[in-house]
Amino acid sequence: MKREILLSHDLICASSSPAGFGARHIIRITGDNAFDRVCSFLHIKTSILQQSKGFDVSRFMIDEFRSVDIDLYFWKSPGSYTGQDVVELHLISNPWIVDFLFSKLFEQGFRPANPGEFTLRAFLNGKVDIAQVDAIHQVIEASSPDGLNKALGKLAGGVFDPLHKVKDDLLNLLADVEANLDFSTEDIQIISSDAILKTLGEMLAQIIVLVKKLQSRGVGEDKVRVIIVGPPNAGKSSLFNILVRGQKSLVSPIPGTTRDMVTSRIEWGDSFFELIDAPGIEDGRNLIEKQAQNLATKEIELSDVIVYCADNDHQLYLDAFLNFDVKSFVKVATKSDISRGPDNWIHTSSFTMLGVDVLKNTIIQLVQQKNGAASVSGLARIHGYANLCLDNLRRAHHCVLFEEPLEILALELREAVENLGHITGHVFTDDLLDRMFSRFCVGK
142 MKREILLSHD
152 LICASSSPAG
162 FGARHIIRIT
172 GDNAFDRVCS
182 FLHIKTSILQ
192 QSKGFDVSRF
202 MIDEFRSVDI
212 DLYFWKSPGS
222 YTGQDVVELH
232 LISNPWIVDF
242 LFSKLFEQGF
252 RPANPGEFTL
262 RAFLNGKVDI
272 AQVDAIHQVI
282 EASSPDGLNK
292 ALGKLAGGVF
302 DPLHKVKDDL
312 LNLLADVEAN
322 LDFSTEDIQI
332 ISSDAILKTL
342 GEMLAQIIVL
352 VKKLQSRGVG
362 EDKVRVIIVG
372 PPNAGKSSLF
382 NILVRGQKSL
392 VSPIPGTTRD
402 MVTSRIEWGD
412 SFFELIDAPG
422 IEDGRNLIEK
432 QAQNLATKEI
442 ELSDVIVYCA
452 DNDHQLYLDA
462 FLNFDVKSFV
472 KVATKSDISR
482 GPDNWIHTSS
492 FTMLGVDVLK
502 NTIIQLVQQK
512 NGAASVSGLA
522 RIHGYANLCL
532 DNLRRAHHCV
542 LFEEPLEILA
552 LELREAVENL
562 GHITGHVFTD
572 DLLDRMFSRF
582 CVGK
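For the sequence shown, the positions run 142 to 585 when my numbering is used.
Treat the hints loosely; a few may be bogus.
Unchecked claim - Okay, the calculated beta carbon distance ranges per label pair:
| hint | residue 1 | residue 2 | range |
| --- | --- | --- | --- |
| 1 | I329 | P219 | 40 to 48 Å |
| 2 | F543 | A320 | 49 to 57 Å |
| 3 | E343 | E544 | 32 to 40 Å |
| 4 | P253 | T493 | 48 to 56 Å |
| 5 | D498 | L338 | 55 to 63 Å |
| 6 | H150 | K306 | 27 to 35 Å |
| 7 | V350 | K217 | 14 to 22 Å |
| 8 | L552 | Q347 | 18 to 26 Å |
As the list claims (entries may be wrong) - Mimicking PhoX-like on lysine-lysine, the simulated pairs with C-alpha atoms at most 25 Å apart in a straight line are:
| hint | residue 1 | residue 2 |
| --- | --- | --- |
| 9 | K353 | K308 |
| 10 | K339 | K354 |
| 11 | K308 | K268 |
For the record, the hints were derived by calculation from the structure and aren't laboratory data. Remember, predicted model here, so these are calculated numbers, not experimental data. Backbone N, C-alpha and C fix where the C-beta goes; we use that ideal spot for every residue, glycine too.
Please model the entire structure based on the sequences and the hints provided.
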């Protein structure tokens, strides 16, 4: 579920140094008017401090007889890491003094920062994108010079910078296409088909470059292959369409040896899945086994999960599939609104939506049990959304070439905008942000 993530403007503070005794300790502060509030707290005249170009030395009074020297560094909004005022207090690393200073800050209305909140504010203020957030974490966690160099290369940008222009061009193109729709009855054309094709071609080239660069860095879309098999007319395709409904999916014919198959690339929870609707197996025992073996060698053995669907004759051809060496096997009784299958099967109905969520959650749990609950890495997620955007643009190009309705073209462009927004950071979900920023320590 998506919700609006609001940027916090209150004052937060956190240690940016390890706890314990040492030469120096850093306390980092950010928020609206943080500069003025810290100056007031330390009894410094802001006019004097502003002339110091980002650095000054102050003194923090512990009591009327004792004081501590503090080096104060500041970056005014919007030219700071978070986009808000940022202030750093550098002082001697004595745990008692540090804790005392924090207690005084809290009394003045400052609050402790949450893990990753400084970087979250930078993201929400447009200072960094999703890819750079992932790179920042990799820089922090780098355990070797090679790992650090790779992370710094990702942080520097370059790969993702052109996408902001692509997004703007895509929004402009969508606006023109929707204007064509609005004026379609008046025979007014805002943008020609040739101009649309030209713009789409340029955007396709940019996205293809991104995908190739990610692949050259060893980044791949870590997707799980799920194949739906079973006898003909068992409700496989209806179930397939229900499972991919509402997803940003690619649906396309893939040539098979005897029939076509349909695939859809979708995102469930933390992972990308490639869902495959296999052709129904025809009558005739020998032919069944032959086609089942053919499916096994070409698709089933490449899949992570087999979903076997059947309606009335639930054991029909099931044994032929159970003989294959697959990672996970799920037995589904379809059309359960008409007749109920065995108790140990998942009962579904594409008509009433019975069992659809149960099936989806079962597949996710099977994959997590096999591979662990680790989520897709940030760059692998970007690779996945880049491919989804590429699919949208290719289908949009096809719509123009074959003069399909403008409504379909506009739909593909809107989905491309959304998928691209997941890369540039203009579209995000609260659970994604929670996962990404909770990995950071406090003070980052």
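Quick rundown of the hints versus the structure:
no., hint, result
1, I329 x P219: 40 to 48 Å, "holds, 42 Å"
2, F543 x A320: 49 to 57 Å, "violated, 22 Å"
3, E343 x E544: 32 to 40 Å, "violated, 21 Å"
4, P253 x T493: 48 to 56 Å, "holds, 49 Å"
5, D498 x L338: 55 to 63 Å, "violated, 41 Å"
6, H150 x K306: 27 to 35 Å, "holds, 30 Å"
7, V350 x K217: 14 to 22 Å, "violated, 37 Å"
8, L552 x Q347: 18 to 26 Å, "holds, 21 Å"
9, K353 x K308, "holds, 19 Å"
10, K339 x K354, "holds, 23 Å"
11, K308 x K268, "holds, 17 Å"
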